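Assemble chain B onto chain A, guided by the hints.
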Amino acid sequence: MRAFALALVLVVALTLVVGVAALPPHGDPSGPVHTHVGAHYIEHGVRDTGLRNLVTAVLLNYRGFDTFLEVIVLFTALVAVLALPSATRPRRPGAPADDGGDRADAVPVSPVVFFVVRLLAPFIAVFALASLYRGHVTPGGGFQSAAIAGALMIALGLVFGRERAARLVPYGARAWLQALGPLGFALVAFLGWRLTGVFLGFPADEAAYALREAMVVSLEVGIAVGGAVVLAQLFMALDVRA
Amino acid sequence: MSAVFDAVMLLLLIATAVTVARARDLVAAVVTFGLYSLVLCLVWQHRGAPDVAITEAAVGAGVTSVLFLLTIAKTARTER
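As given, the protein sequences belong to chains A and B, one line each in that order. Numbered as in my numbering, the first sequence ends at 244 without a single skipped number. Numbered as in my numbering, the second sequence ends at 638 without a single skipped number.
Careful: at least some of the hints might be erroneous.
Unchecked claim - Restraint ranges, calculated between C-beta atoms of paired labels, are given here:
no., chain 1, residue 1, chain 2, residue 2, range
1, B, 572, A, 166, 36 to 44 Å
2, B, 582, A, 110, 23 to 31 Å
3, B, 573, A, 4, 55 to 63 Å
The hints are simulated quantities; they were obtained by calculation from the structure and are not laboratory data. Keep in mind the model is a prediction, meaning the values are calculated, not measured. In this text, a Cβ means the ideal position worked out from N, Cα and C, and glycines have one as well.
Chain A extracted, bound-state conformation:
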């Protein structure tokens, strides 16, 4: 059995090494990455989509359905976790906590961690906002912003206790915020259908610049807020009592 496992590992490793060795050099202009659809995107991307950033053009336009389904996958993951019998569901603020005090669930953290999180939190928040705001023209975007903001909320939850961190997500709007990614995508997709006749289409002509920017930014905001809330709620669902 051990010999078989070793042989299997060696065969797979050899296959991977041979495969990687056969890849064209990084940045080779004649590589299939640059001659296949990539060449079309680079040549026609700006005219096809009207977007100034080719990554955004691919992510939201050429591969818009992929991104839509990614957002749905993220939401489905949260639904699956919340469906677990052992998951901790968010409590209405003011509802009697079953453990007594407000900070009873805060794990005691070292003063160093406490200080560093408090010091860095505003900067991380600004970074998340900046990568959202500039995301569709520079590296960054909705998913990056969601990851940064979600990690920030989890860090705050670790330091201040999740009861207090949970207040970052308003209780009443919780369900809507969790679903903001798929909801925003669906709204923009139907709007695009109405305007261009194509589901998830964007008006590409120069005259529709403001409208197109608004649609793209709405998508990014939905992805960022929805994704961050999903990450934070995944953390909140894993309640641990000492």
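Structure of chain B alone, referenced to chain A:
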């Protein structure tokens, strides 16, 4: 220089991955996995994908480590 950097990073990735797979102490495995994500983050940055690097650092090294640690706190610390 670039090739040396790549080689060192890839060796670190393999080393951390093997360490994660072999660790009996799951907390040690999670910490090493965070290190793996950090090295991978540097690789993405070096390969000119800063957006992927940001996500790798936040989700790979940050969020998943916390979720794994909480799961360990709820279950058991060592592999059986």
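Against the structure, the hints:
no.: 1; hint: B/572 <-> A/166: 36 to 44 Å; in the structure: holds (41 Å)
no.: 2; hint: B/582 <-> A/110: 23 to 31 Å; in the structure: holds (27 Å)
no.: 3; hint: B/573 <-> A/4: 55 to 63 Å; in the structure: violated (22 Å)
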